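Participant: With the hints as constraints, model all of the structure from the sequences given.
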Amino acid sequence: MPDGSHTLDRRGFLKVSAAVGGGLALTVALPSSLRPALAAAEASGFAPNAFIRIDRQGLVTLVIPSAEMGQGIYTAEAMLLAEELEVGLDQVRLEHSPPSDALYGNPLIGAQLTGGSTSIRGFWTPLRQAGAVARTLLVAAAAKQWSVDPSTLKAQHGQVTDGKRSLGYGELADAAAKLPAPDPKAVVLKDPKDFTLIGKPAKRLDSPGKVNGTAEFGIDTKLPGLKVAAIAISPVLGGKPKSVDEAAAMAVKGVRQVVKTDESVAVVADHMGAAKKGLEAAAIQWDDGPNANVNSSDLIRQLEEESKKPGAVARNEGDAEKALAGAAHKLEAVYQVPFLAHAAMEPMNCTVHVQKDSCEIWVGTQVPTMAQAVAAQVAGLPKEKVQVHNHLIGGGFGRRLEVDGIARAVAVAKQVDGPVKVVYSREEDIQHDMYRPYYYDRFAAGLDAEGRPVAWTHRIAGSSIMARYFPAGFKDGVDADAVEAAAEPPYAFPAIRVEYVRVEPQGVPTSWWRGVGPTHNVFVVESFVDELAAAAKQDPVAYRKSLLGHNPRALGVLTLAAEKAGWGTPMPKGHGRGVMVQFAFGSYVAMVAEVEVAGDGSIKVHRLVCAVDCGLAVNPDTIEAQTQGGSLFGLTAALHGNITFANGRVEQANFDTYLPMRIDEVPVIETHLVKSAETPGGIGETATAAVAPAVGNAIFAATGKRLRSLPFDTESLKTSS
Numbered sequence: 043m044p045d046g047s048h049t050l051d052r053r054g055f056l057k058v059s060a061a062v063g064g065g066l067a068l069t070v071a072l073p074s075s076l077r078p079a080l081a082a083a084e085a086s087g088f089a090p091n092a093f094i095r096i097d098r099q100g101l102v103t104l105v106i107p108s109a110e111m112g113q114g115i116y117t118a119e120a121m122l123l124a125e126e127l128e129v130g131l132d133q134v135r136l137e138h139s140p141p142s143d144a145l146y147g148n149p150l151i152g153a154q155l156t157g158g159s160t161s162i163r164g165f166w167t168p169l170r171q172a173g174a175v176a177r178t179l180l181v182a183a184a185a186k187q188w189s190v191d192p193s194t195l196k197a198q199h200g201q202v203t204d205g206k207r208s209l210g211y212g213e214l215a216d217a218a219a220k221l222p223a224p225d226p227k228a229v230v231l232k233d234p235k236d237f238t239l240i241g242k243p244a245k246r247l248d249s250p251g252k253v254n255g256t257a258e259f260g261i262d263t264k265l266p267g268l269k270v271a272a273i274a275i276s277p278v279l280g281g282k283p284k285s286v287d288e289a290a291a292m293a294v295k296g297v298r299q300v301v302k303t304d305e306s307v308a309v310v311a312d313h314m315g316a317a318k319k320g321l322e323a324a325a326i327q328w329d330d331g332p333n334a335n336v337n338s339s340d341l342i343r344q345l346e347e348e349s350k351k352p353g354a355v356a357r358n359e360g361d362a363e364k365a366l367a368g369a370a371h372k373l374e375a376v377y378q379v380p381f382l383a384h385a386a387m388e389p390m391n392c393t394v395h396v397q398k399d400s401c402e403i404w405v406g407t408q409v410p411t412m413a414q415a416v417a418a419q420v421a422g423l424p425k426e427k428v429q430v431h432n433h434l435i436g437g438g439f440g441r442r443l444e445v446d447g448i449a450r451a452v453a454v455a456k457q458v459d460g461p462v463k464v465v466y467s468r469e470e471d472i473q474h475d476m477y478r479p480y481y482y483d484r485f486a487a488g489l490d491a492e493g494r495p496v497a498w499t500h501r502i503a504g505s506s507i508m509a510r511y512f513p514a515g516f517k518d519g520v521d522a523d524a525v526e527a528a529a530e531p532p533y534a535f536p537a538i539r540v541e542y543v544r545v546e547p548q549g550v551p552t553s554w555w556r557g558v559g560p561t562h563n564v565f566v567v568e569s570f571v572d573e574l575a576a577a578a579k580q581d582p583v584a585y586r587k588s589l590l591g592h593n594p595r596a597l598g599v600l601t602l603a604a605e606k607a608g609w610g611t612p613m614p615k616g617h618g619r620g621v622m623v624q625f626a627f628g629s630y631v632a633m634v635a636e637v638e639v640a641g642d643g644s645i646k647v648h649r650l651v652c653a654v655d656c657g658l659a660v661n662p663d664t665i666e667a668q669t670q671g672g673s674l675f676g677l678t679a680a681l682h683g684n685i686t687f688a689n690g691r692v693e694q695a696n697f698d699t700y701l702p703m704r705i706d707e708v709p710v711i712e713t714h715l716v717k718s719a720e721t722p723g724g725i726g727e728t729a730t731a732a733v734a735p736a737v738g739n740a741i742f743a744a745t746g747k748r749l750r751s752l753p754f755d756t757e758s759l760k761t762s763s
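Heads up: the sequence shown runs through residues 43 to 763, numbered per the numbering used here.
If you're looking for bench data, these hints aren't it; they were derived computationally from the structure. All figures in this text were calculated on a predicted structure; none of them were measured in a lab. Careful: at least some of the hints might be erroneous.
[Unchecked claim] Subject to a maximum C-alpha distance of 20 Å in a straight line, what follows is the list of computed SDA-like cross-link-like pairs (lysine to any residue): (1) 282 to 713; (2) 427 to 138; (3) 319 to 252; (4) 284 to 305; (5) 245 to 319; (6) 245 to 713.
Facilitator: This is the structure we're talking about:
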C-alpha cells in the first residue's frame, strides 16, 4: 500500500523552535506537499504538532486525520482534542489533512485510511496527547511570563489562569511556539472522571453546513474554467470501446471534447446536461472481452463446489470431527449472502487538473495517500507534485477506500486542457462498483443429549479482499477479515473448527462494504446458533446465555437488549421476536427485532432494540445515530440487496432495480448504551452486521421457516394466494 512517500514521523513534527516574526519553524524538512500547512502554521502563531494550529486570536484548527462521510467523526475526534486542550467545541474549526501516512496514518492500520470502524479506536490516544502537549506548552508559556510554577496554573475555556488573572491561548501562541515540546507519551492525560466533553452528547460540527448548503462535497467542486465530463465505462469488466460516434457527440450544444481511454468514453462539456446528451449521442459499441459470458448461476456453482473442499484453517480447537461423530444430535446447514453495491447518495466523482508538472485533484476519499499515489502514477508525475483536496463524502461505506474512480478521472483529465469534473451517473455508479463479496458457508454442529453444543464447524468460501488490498492480512491462506466474527464467535464451544476457502469470482471486482467479514459472518453464525437453540427446544435468549458465562460483556448486552425488548411477552399471530449477539469492530452488540410476516410473505420490521457496549462513549448522540443508520443500511441489504450478473453485465442499474428502503419500511429503533470505562470500540459498522440475523431469527419465530440466504425470500413465506 502506498506510504505517501513521507519519512517524517510524528515525533519529528513535534520538535518546535523559535521562528522569525513569532511564528513556528520545524527542525526537520517537510515534504513539499505539506509546506502550505507549514506556511499557515507560521502565520498563525502556534503549531505544536501535526494536528493543531492556534492563531493569535485563539482560534483552534484541528487538522482532522479521518474522513467525514456521515459517521460524525469530525465531532468525535474534535472532542478528543478539545477535552485535553481545554477548549469548547465552538472554538474549534476543522481542516482536512493533506496526504501523509507518516503524520496522519491511523495507528491501528498503519496508513492514512478511514475504515473498519477504527477512527476513534485509532486516534483515542494520539489526539488526546496532541491536545495535552499543546495545553502543557501554553501553560508553560504563561508560567514563564508570570514567573510562577506551571503547577499553580490551570487551563480552561481557551485560557490559562491562576485564579486572579488570565491569558488567552491567542496571546500565548507566539511564546508557546518557542518552547521545546514534551514527548507526547510523557504528558499527563485527564482522568475520565474529569472529562467535561467526552461522554456527553454534542451537536455535530458538520451539521450546520449541511443544513444551510455551505458544506462542500467532492461533487460540489467549482473552479474557474471547469468543464464537466459524463463517463461510460465498459459494461463488462475487461472490455473496451469498439466504436464511438464522435461527430454525433460533438454536435450536441455545449460539448467540447470526446475522450477515449482503454476502458471508457467520456464526453466533456460545459455542463452535465450537455455531457450526458453527448454521451448518449456517441452510441458507443463495446468489445466485451474475456468476461462476456459471466453469469451469477455459474459464479454460485463455483462457490458451491469449492466450498466442498477443505480450506485453510482459521481456528482449530478440540477435535470437532470426533465430537461430531459422537454427538447425540447433528445439524448441518448451508448459508449464502449475495454481492452488494454501495449505492451511496453521492455518486462517484473526481475533479482533476493536470498540467505539465503538477496535478490537483478535488475528491472525497477515505484514503488520501492512495489517492495521491494513483493520481501520480496515471499522470506520470512524482507524488509530491500531486495535491489532494479532500472533501466531505456523501456516503462512503468503503467505496471510497478504492481509487479506481480517481484513476479514471486522471486518465480523462490528461487529455483535457484545464480542470474537469468527472461524474458517474447512478447507473454507472451501481454497475461499476466494487462489490461486497458473495459468500457460501457450510456449517455442522453436534449437540449432546441436553442440547448443548459439543462441536461446531464452519467453512467460508468467498473472495479475499485482504489478499489484494492488504497482503499482510492474508496469511497461510486465511483472509483475516473474511473470518472476523466467525473464527472468534462470542460463545464457548468445546470443539471448534473454522476454515476459509478463497474463491475469486471471474469478472467481478470485490471490495469493502461497511464491514465485510462481520456483515456476512454475524448473519450466518447467529442464524445457525438460533438453529441449535430450536433443535434443543430452548428459548433463544436462554440458550445463548448458557454459552456466554465466560464473556460478561456479551452477556451484558444480551441481557439488556432482551429486557428492553420485553423478551418473552406474548405477540400477535404472525409476529415474532428474534435475537442476536456479536463481538465485532471492537464492540459488543445485541439486538432484538420484532417482525410481522403477512400471508403474502411480505415482511414488516416493526421494532429494533439494540444494546451497545462500545467501551467509553465519546459522543452518545453519534452512537445512537450510527446505530440507527447502520441498522437501516443493513436492513436495506437484508430485505432488498442483491447484485446479479448476466453476460458479464450487472443487471441492476438504479434505485428501481437496486432498491433502497422506503420510508414506510423503517422500524422504530431503540439504542441502549452500556456504561463502560473500557477503551472505546468501533461503532460505524456494528449495527449493519447485527440487523440481518435478528430479523431472520424473528421470521423463524413468526413462521417456523428458516431463511438461510439474503436477501430474505418472501415467496417462500407465503401462506395464502
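Participant: Compare the structure with each hint and give your call.
Facilitator: Evaluation of the provided hints:
1. At roughly 49 Å between alpha-carbon atoms, residue 282 and residue 713 are farther apart than 20 Å, so this suggested pair is violated.
2. Our distance criterion of 20 Å between C-alpha atoms is met by residue 427 and residue 138, whose separation comes to about 18 Å.
3. Between the alpha carbons of residue 319 and residue 252 the distance comes to roughly 30 Å, so the proposed pair goes past 20 Å and is violated.
4. Between residue 284 and residue 305 the CA atoms are separated by roughly 10 Å; this keeps the pair inside 20 Å, and the hint holds.
5. Of the supplied pair hints, the one linking residue 245 and residue 319 is violated, its CA atoms being roughly 43 Å apart against a limit of 20 Å.
6. Of the pairs offered as hints, the one joining residue 245 and residue 713 holds, with about 18 Å between alpha carbons and a cut-off of 20 Å not exceeded.
In summary, the numbered hints that this structure violates are 1, 3 and 5.
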